[in-house]
Amino acid sequence: MTDSRDPAVPSAAAPPGSADRPGVARRTDGARRPDGADSPVVRPGRSPAARRGVVLGLLGAAVAVGFVLAVALGSTVIPLDRAIPALLRADGADPGAEVIIWTVRLPRAVTAVLAGAALAVAGVQMQTLFRNPLAEPYILGVSSGASLGVALAVTGWAGPAGTLTSQIAGPGRAGLVVAASAGAAAVLMLVLALSRRVRSVATILIIGVMVGSATSSLITLLLAYSDGQRAQQYLTWSLGSYAGTTWEDLAVFASVCGAALLAALSGVKPLNALLLGENYARTMGVHVRRTRTMTLLTASVLAGAVTAYCGPVAFLGLAVPHMAKLLLGTADHRILMPAAVLLGAAVSLACCIATQAPGSGMLLPLNAVTTVLGAPVVIAVLLRSRAARAGWTG
Amino acid sequence: MSGMLTLQGLAVGYPGRRGRRARRVLEGVNAQARAGDLTVLIGPNGAGKSTLLRTLSGLQPPLAGEVLLDGTSLLAIGPAELARRVAVVLTERDVPALLTGRELVALGRHPHTGFTGRLTAADHAVVDWALAAVDAVHLADRPVTELSDGERQRILTARALAQEPSVILLDEPTAFLDAPSRVALMGLLRRLARERSLVVVISTHDLELALRIADRVWLLTRDGELHRGTPEELTLNGAISASFDSAELTFEAASGVFVLHGADCGTARITAEGVHRPLLERALSRAGWRPSADGPADLTVTWTGEVYQVTRDGVSHRFDTLAGLTDWARREASR
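If you're matching them up, the sequences are chains D and P in order. The opening position of the first sequence corresponds to residue 1 in the numbering used here, with each subsequent residue numbered one higher. The opening position of the second sequence corresponds to residue 1001 in the numbering used here, with each subsequent residue numbered one higher.
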């Protein structure tokens, strides 16, 4: 609510020229009273805002419902009347259900929420920064870096993280998280260092893709000379999973994600200015370089943290930003970012539930679910959308 | 109120990097743009119009000299403060999808809003005013991707106005617009300069329109000189002809238009009333006949009010339509 406008510009409240020109003053009034007879074309200004409020409310409700379902559904079906008391640790709750929910399903659902929100927000940031609808959180090679770290650990090349735990069964979960974080951080540093020497964002994008490709090739090389079991462990990791995070993991994962999400949400104003391109942003007083570095950093930290704890979760970071833009019908980041948080969490929870294939006793790979279920949804959304048909270029 | 943009010994161009020499596009430029004036920057392609405007807007630093805004160097004004005083309309015409006209104009409030970018009632009032000032109230709720070039240009101009600057710089705002939209936009900008006492600097290729509508002209020549003055001064001292005339083209001072040289195969004396006279002159000169006021001529043409009567070498011809006359005149010219 703070009005931080410069006191040196008092004319803002009453633009000079409008008062002494009745024609303009009348039209201004017409715009503010959209039902005024002299501006029939102008639709009521409040209805899009109201619609956006409703959509955000619905998304919030979807997250809540998805969360409860993710807790209730799984390889063992726990009916809601037993699941909810167990979740709340109420008196007389089923102790078996309480163990399953508190050690397996609750951490899994929280992981899904965090990962979905993180990837969606990072995706919005990248798409705006690069002004490219194909940009996504991993576009700068962060997940390839994490994958290389894991591949090195799994194949026993990665020093302590590998040798401590990888006698026969390969590194344990903690080893994988450390290896993935280190790999993601290394690639992030490399790309940020290179980006300081580069003026155009398009060049940064190409550098990121190159680094990612080179890293992926190294992984192929590593796996080609490793035994089947180790390659299998890498493959399993690369399919992505929300399962297996402990509360200790979550303490770190949630703090990192929370801090980066806050940073991302507080950066919406310069991102809005960047909608018109870097030159316009600069003439509106935006520190373009600083904004670029901050955005790359937060998006990469978000993507890197998700990859470290869940593997390279595919698709969400690309698709959810598009779904959010079309649902809300706006490119305004002040609305888009909260929507991306909620929609990312909701879609991620839906995928989490689907991986359990409730009732079947099977466990589907996360990436297969996100992509196979999600891609048709996104294509359908795009085909139905007027904005997308009319030329969708971010 | 404020309102003076001063260029002092300004050199613009691109600094040398990694052993490459700096490229100076313009050097030693001295000029002033006053509040309330429409200043139009003209010059042939590649003369440095965009580079100069980018320097004036602070997008690139001067290689030498200074740009002074009300006596203070641009470099001494912080980016946020500069954004509250100088707004631009760039040649980039890409607009983002899923943004309405009003939302795009509201982006111009960026330098005035707080940390979150939330718009106050006062901000909304300025946005409404900016939309009204460019006659774009009816475009406010339409997606900007669906607007025509002219409508989009008005919205981008409103965005610059919403910044509430004292200086607006526009790079080729009339490119891609049809003729009526060009005149309308230029007229609008001149009106804004007067009413809000703004410094308005526009670069354009549209020389004829610029000379009719500008208060002050900055003329960049191919060899990097900047002539400045009123359109009439520059026409009289020959600066316009010197930079734009070519083998095929002459600038006619009196009419303020460019004339294409065609084949010159003789003179034509024209007798006609009202608007028919200039129309006949134009049609015949396009066909290769130079109009002459009086005295003997190779061709005499008379509009009787119903038909065109033509005498050529003592032989008379009658034409019912101007098209028929023009076709005949072209055949005669090439004979």
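It should be emphasised that the hints constitute simulated quantities derived from the structure, not laboratory data. Careful: at least some of the hints might be erroneous.
To be verified - Partial pick of chain D residues on the chain P-facing surface, computed with a CB cut under 7 Å: (1) Ala273; (2) Leu275; (3) His322; (4) Lys325.
As the list claims (entries may be wrong) - Computed footprint of chain D on chain P, listed as stretches where at least three residues anywhere in the stretch have a Cβ under 8 Å from a Cβ of chain D: (5) 1077-1085; (6) 1111-1122; (7) 1324-1334.
Where is the CB? At the ideal position from N, CA and C, for every residue including glycine.
Hints, verified against the model:
Given hint, alanine 273(D) at the interface with chain P, holds; its Cβ is 5 Å from that chain's nearest Cβ, closer than 7 Å. Nearest Cβ of chain P to the Cβ of leucine 275(D): about 4 Å, under the 7 Å cut. The hint holds. Below 7 Å, beta-carbon pairs count as interface contacts, and histidine 322(D) has none with chain P, the closest being about 10 Å; its hint is therefore violated. The beta carbon of lysine 325(D) is positioned within 7 Å of a beta carbon in chain P (closest approach about 6 Å), and the interface hint is therefore held.
Proximity of the segment 1077-1085 of chain P to chain D, defined as three or more residues with a beta carbon under 8 Å from a beta carbon of that chain, is established by the 6 residues found. Check on the segment 1111-1122 of chain P: 10 of its residues sit with their Cβ under 8 Å from a Cβ of chain D, so the three-residue criterion for coverage holds. Check result for the segment 1324-1334 of chain P against chain D: violated, 0 residues qualifying (beta carbon to beta carbon below 8 Å, three or more required).
Going through the hint list in order, the structure does not satisfy hints 3 and 7.
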